[in-house]
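S.K.: Here's the letter readout for the chains.
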Amino acid sequence: MTTRHFFRILITLLAFTFSGHSFAQGTDPKPLFDQLADANFNEAEKLVGEIAATGDTRVVPALNAFAEGDLYFRKSDKAVFAAKSAGEQLELIDPVTGTSAGQVAKGAVTKIRVNNNLRRAIRAALGGLTLMSPDRGARLAAADAILRSPSAEALELVEAALAKETDSTVKARMEEARAVSLLSSDRSIDEKRAAIETIAGLGASGLGVLNSVAGSIDASLKPDLDAAITAIQNEQQLWNMAQNVWYGLSLGSVLLLAAIGLAITFGVMGIINMAHGEMVMLGAYSTFVVQQVIRENAPGLFDWSLAIALPVAFLVTGAVGLVIERGVIRFLYGRPLETLLATWGVSLILQQAIRTLFGPTNQEVGNPSWMSGSFPLGGMTITWNRMWIVVFSLSIFVGLLLLMKRSAFGLQMRAVTQNRRMASSMGIRTPWVDAFTFALGSGIAGIAGVALSQIDNVSPNLGQSYIIDSFMVVVFGGVGNLWGTLVGALSLGVLNKFLEPSVGAVLGKILVLVLIILFIQKRPRGLFALKGRAIEA
Amino acid sequence: MISAFIFRALKGHILATVAVILGAAVLVPASNLLLPADHALHIPTYVMSLMGKYLCYALLALALDLVWGYCGILSLGHGAFFALGGYAMGMYLMRQIGSRGVYGNPDLPDFMIFLNWKELPWFWYGFDMFPFAMLMVLFVPGLLAFVFGWFAFRSRVNGVYLSIITQAMTYALMLAFFRNDMGFGGNNGLTDYKEIVGFSVQAGGTRAVLFALSALMLALCLLIASAIVNSKFGKVLVGVRDAESRVRFLGFRVENIKLFTFVVSAMFAGIAGALFVPQVGIINPGEFAPANSIEVVVWTAVGGRGTLIGPIIGAVLVNAGKSYFTGAFPELWLFALGGLFIAVTLFLPKGIVGTIQSGFSGRKAMKAASSAEKGRGDVTPVAQAAE
Numbered sequence: 001m002t003t004r005h006f007f008r009i010l011i012t013l014l015a016f017t018f019s020g021h022s023f024a025q026g027t028d029p030k031p032l033f034d035q036l037a038d039a040n041f042n043e044a045e046k047l048v049g050e051i052a053a054t055g056d057t058r059v060v061p062a063l064n065a066f067a068e069g070d071l072y073f074r075k076s077d078k079a080v081f082a083a084k085s086a087g088e089q090l091e092l093i094d095p096v097t098g099t100s101a102g103q104v105a106k107g108a109v110t111k112i113r114v115n116n117n118l119r120r121a122i123r124a125a126l127g128g129l130t131l132m133s134p135d136r137g138a139r140l141a142a143a144d145a146i147l148r149s150p151s152a153e154a155l156e157l158v159e160a161a162l163a164k165e166t167d168s169t170v171k172a173r174m175e176e177a178r179a180v181s182l183l184s185s186d187r188s189i190d191e192k193r194a195a196i197e198t199i200a201g202l203g204a205s206g207l208g209v210l211n212s213v214a215g216s217i218d219a220s221l222k223p224d225l226d227a228a229i230t231a232i233q234n235e236q237q238l239w240n241m242a243q244n245v246w247y248g249l250s251l252g253s254v255l256l257l258a259a260i261g262l263a264i265t266f267g268v269m270g271i272i273n274m275a276h277g278e279m280v281m282l283g284a285y286s287t288f289v290v291q292q293v294i295r296e297n298a299p300g301l302f303d304w305s306l307a308i309a310l311p312v313a314f315l316v317t318g319a320v321g322l323v324i325e326r327g328v329i330r331f332l333y334g335r336p337l338e339t340l341l342a343t344w345g346v347s348l349i350l351q352q353a354i355r356t357l358f359g360p361t362n363q364e365v366g367n368p369s370w371m372s373g374s375f376p377l378g379g380m381t382i383t384w385n386r387m388w389i390v391v392f393s394l395s396i397f398v399g400l401l402l403l404m405k406r407s408a409f410g411l412q413m414r415a416v417t418q419n420r421r422m423a424s425s426m427g428i429r430t431p432w433v434d435a436f437t438f439a440l441g442s443g444i445a446g447i448a449g450v451a452l453s454q455i456d457n458v459s460p461n462l463g464q465s466y467i468i469d470s471f472m473v474v475v476f477g478g479v480g481n482l483w484g485t486l487v488g489a490l491s492l493g494v495l496n497k498f499l500e501p502s503v504g505a506v507l508g509k510i511l512v513l514v515l516i517i518l519f520i521q522k523r524p525r526g527l528f529a530l531k532g533r534a535i536e537a
Numbered sequence: 538m539i540s541a542f543i544f545r546a547l548k549g550h551i552l553a554t555v556a557v558i559l560g561a562a563v564l565v566p567a568s569n570l571l572l573p574a575d576h577a578l579h580i581p582t583y584v585m586s587l588m589g590k591y592l593c594y595a596l597l598a599l600a601l602d603l604v605w606g607y608c609g610i611l612s613l614g615h616g617a618f619f620a621l622g623g624y625a626m627g628m629y630l631m632r633q634i635g636s637r638g639v640y641g642n643p644d645l646p647d648f649m650i651f652l653n654w655k656e657l658p659w660f661w662y663g664f665d666m667f668p669f670a671m672l673m674v675l676f677v678p679g680l681l682a683f684v685f686g687w688f689a690f691r692s693r694v695n696g697v698y699l700s701i702i703t704q705a706m707t708y709a710l711m712l713a714f715f716r717n718d719m720g721f722g723g724n725n726g727l728t729d730y731k732e733i734v735g736f737s738v739q740a741g742g743t744r745a746v747l748f749a750l751s752a753l754m755l756a757l758c759l760l761i762a763s764a765i766v767n768s769k770f771g772k773v774l775v776g777v778r779d780a781e782s783r784v785r786f787l788g789f790r791v792e793n794i795k796l797f798t799f800v801v802s803a804m805f806a807g808i809a810g811a812l813f814v815p816q817v818g819i820i821n822p823g824e825f826a827p828a829n830s831i832e833v834v835v836w837t838a839v840g841g842r843g844t845l846i847g848p849i850i851g852a853v854l855v856n857a858g859k860s861y862f863t864g865a866f867p868e869l870w871l872f873a874l875g876g877l878f879i880a881v882t883l884f885l886p887k888g889i890v891g892t893i894q895s896g897f898s899g900r901k902a903m904k905a906a907s908s909a910e911k912g913r914g915d916v917t918p919v920a921q922a923a924e
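Residue numbers (my numbering), protein chains in the order written: chain L, 1 to 537; chain V, 538 to 924.
The set of hints was computed from the structure by calculation and includes no laboratory data.
One thing to keep in mind: the hints can contain errors.
Derived, one-sided and incomplete: chain L residues facing chain V with beta-carbon distance under 10 Å [claimed, not checked]:
| # | residue |
| --- | --- |
| 1 | Trp344 |
| 2 | Ile468 |
| 3 | Arg525 |
The beta carbon of each residue, even a glycine, is placed where N, CA and C say it ideally should be.
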């Protein structure tokens with residue numbers, strides 16, 4: 001019902017917009033209208049078809065009025081007008097030109113009666129008229145409207161429009177509209193079979209059509225119909241699967257963002273940094289501050305705010321990390337459990353400091369325009385901010401990998417991890433390598449905070465919600481291995497999203513935790529375990 | 538042999554601590570009940586309940602010390618055992634409400650009626666009986682510790698990995714207990730208790746008895762822990778802490794040693810939770826929060842791990858500080874707690890008691906060294922405070 005209604009409103013609107021154009025077929029629809037005065041229902045139905053066949057889109061408002069029962073003929077000369085009430089009187093409107101023909105008393109005109117059959121014919125005629133509209137958008141919309149609410153009446157109109165159509169997109173859409181309408185018509189079995197095949201390509205919207213005709217369709221077509229329905233359902237399942245995988249990757253990339261800094265401090269250096277989550281939080285607050293400054297001083301730069309926040313967050317959290325390493329952690333090397341406690345203390349202090357400075361409530365961090373909205377991809381919808389976060393986390397991963405494997409600093413870092421004394425003998429300043437490695441890990445966490453500020457609440461507790469997940473990712477993936485972190489994060493994300501529909505979000509998370517705990521029993525060093533002497537250190 | 542086992546527990550400083558605790562068990566309730574309210578030495582009921590809470594925390598810290606200080610297992614999930622014990626007690630107290638709840642249903646606790654449940658879930662059966670509930674206080678945390686430890690210790694998960702998965706364990710339990718359909722009251726937890734074994738939980742007398750019981754259980758557990766660590770088994774335990782591989786190569790089954798200690802410790806924590814709940818009047822999933830468990834670690838670290846007395850002192854000191862700070866300067870408490878974490882690990886790695894003890898033994902060692910130089914008396918081996 002509502003779609004029909006919508007259909008009619010849509011057509012009317014479009015018709016009003018383009019009623020100026022005459023789609024001249026030569027025939028003047030005006031005499032056809034006038035014949036309506038004497039016609040019975042059957043004749044009227046034929047007349048409506050003829051009016052539509054003129055292809056003159058100016059008649060659309062009058063046909064609409066007819067369907068609404070607002071078409072009258074003047075008793076004096078049997079001229080037909082659309083009418084709308086103007087106080088006590090009726091204002092007459094010429095059915096073709098749409099100009100006013102003066103006001104008359106209600107007694108001077110007679111309403112032209114309309115029944116349901118006639119209404120259906122009028123609607124079909126209207127659909128056909130817009131199908132031939134000179135405007136490409138209007139034609140596309142009309143074809144869409146038929147797709148949404150197919151009827152056998154529309155079939156001939158669609159076919160007529162198809163014959164004239166030149167635009168390939170509109171043509172394809174009309175083909176689909178034709179197939180949909182054809183199913184409920186009395187065409188031959190073979191044509192219907194072809195139509196079913198066309199509809200099977202439509203996906204979810206085709207499923208509704210197929211299901212609606214399933215009861216009434218010819219028995220010989222039943223196998224084709226069932227096959228088409230199964231095909232669509234299978235395809236939908238595939239898309240659902242793809243959507244789940246995408247959600248999983250998206251969650252996984254968030255986990256990757258949160259964990260990748262930890263993969264350096266914990267994985268490479270062996271420091272249990274419980275303040276890691278707070279580094280993420282500091283990164284998010286840096287974004288907030290940058291945006292505040294931009295809002296106040298240069299609103300035009302807002303779309304660039306994240307790009308500006310990235311280096312700021314990196315420097316801020318990197319500096320905090322450097323201070324923590326020099327001030328606390330360097331005294332605790334070789335005592336991992338104590339490091340854990342001390343950094344937990346640091347995390348409490350950082351949290352409270354932020355709470356004192358900014359207050360305990362959530363801060364408003366805006367999305368730049370290029371991160372809002374979404375786009376469709378096949379049968380699923382992808383939001384831009386998720387998309388960018390996946391891209392972003394992967395590029396951070398690649399960047400970090402290059403830094404570790406290709407740069408001098410990365411070489412020193414690995415040397416110190418593998419054999420501290422030997423590295424020291426080679427002239428590497430191991431304390432500074434330690435300090436800067438830790439600062440790097442913290443800085444990466446800060447950058448992650450910039451991204452996470454886009455999808456999570458920026459509050460002093462932001463970091464707390466990531467810390468356990470991050471450790472799980474690093475431990476699951478295998479300590480000391482960036483690839484392990486990548487695989488760990490993505491597989492945990494996907495696993496989580498696949499468990500979610502069947503058991504619910506919370507239970508899914510619990511199950512994942514239990515699975516990780518069990519997994520660690522099996523492989524205490526994670527998926528990608530380091531081999532050799534280093535593990536005994 | 539058993540008497541020898543018990544006798545070894547009775548070291549001088551342990552005895553002194555037990556005496557202090559038992560003294561408190563008698564004197565605090567006495568001063569609360571017998572002295573008039575305006576007497577200078579009268580202890581108000583709320584202070585007594587607060588102190589009772591500290592004693593429960595002290596027992597929890599003692600439990601952690603047993604596994605961390607003597608066995609080297611840093612559990613970041615001891616709050617889970619505490620909370621499970623608390624939930625067992627809470628379930629008993631809920632069943633005691635009977636038909637006095639808001640909905641007046643004698644069979645179902647209020648929250649179940651609220652969730653439109655028709656009958657009692659099977660895991661609530663038996664909790665209307667006090668002895669059964671008390672058994673569960675020991676059994677449930679013990680079982681969880683057994684299962685968890687069985688898997689973890691057999692596959693030799695240790696060090697920080699163990700810490701992290703214990704944390705994951707308590708986190709998972711927290712998420713689970715927050716769910717309404719778990720049947721434990723969701724995020725509201727269990728509260729609004731009426732009476733315990735026939736006595737009103739609000740009454741001053743009941744509270745005095747609960748306080749005395751907390752002190753008694755603390756003293757008892759301290760003696761048990763002392764007996765364990767001073768036995769031959771305790772020596773092996775310290776061996777596991779300091780050189781696990783060596784103990785294994787000597788033929789000991791390290792995983793069984795760890796498992797036993799872990800289970801005993803979890804039961805202590807369960808007892809602490811069970812005593813905690815009637816004194817504060819509520820148990821909710823927040824008790825499972827990983828942060829709580831880490832806080833227990835800092836109590837233990839402040840007092841001195843591997844000393845048995847240290848965690849008791851640490852728990853009482855830190856919590857008294859917390860009560861004071863959160864009342865006087867609520868903004869500063871987290872700064873203070875965080876600073877405490879850092880300061881203790883950096884400057885006081887042995888904790889208060891450990892530092893004092895090593896001061897003593899250091900002096901003793903010096904004395905011994907000087908006497909050995911003079912050629913009389915034998916050299917006492919220096920007690921190395923193991924890292």
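S.K.: So, for every hint listed, does it hold in this structure?
M.R.: Hint check results:
1. Trp344: holds, 5 Å
2. Ile468: At about 5 Å, which falls below the 10 Å cut-off, the nearest Cβ of chain V leaves the hint on isoleucine 468 of chain L intact, so it holds.
3. Arg525: holds, 8 Å
Of the numbered hints listed earlier, not one is contradicted by the structure.
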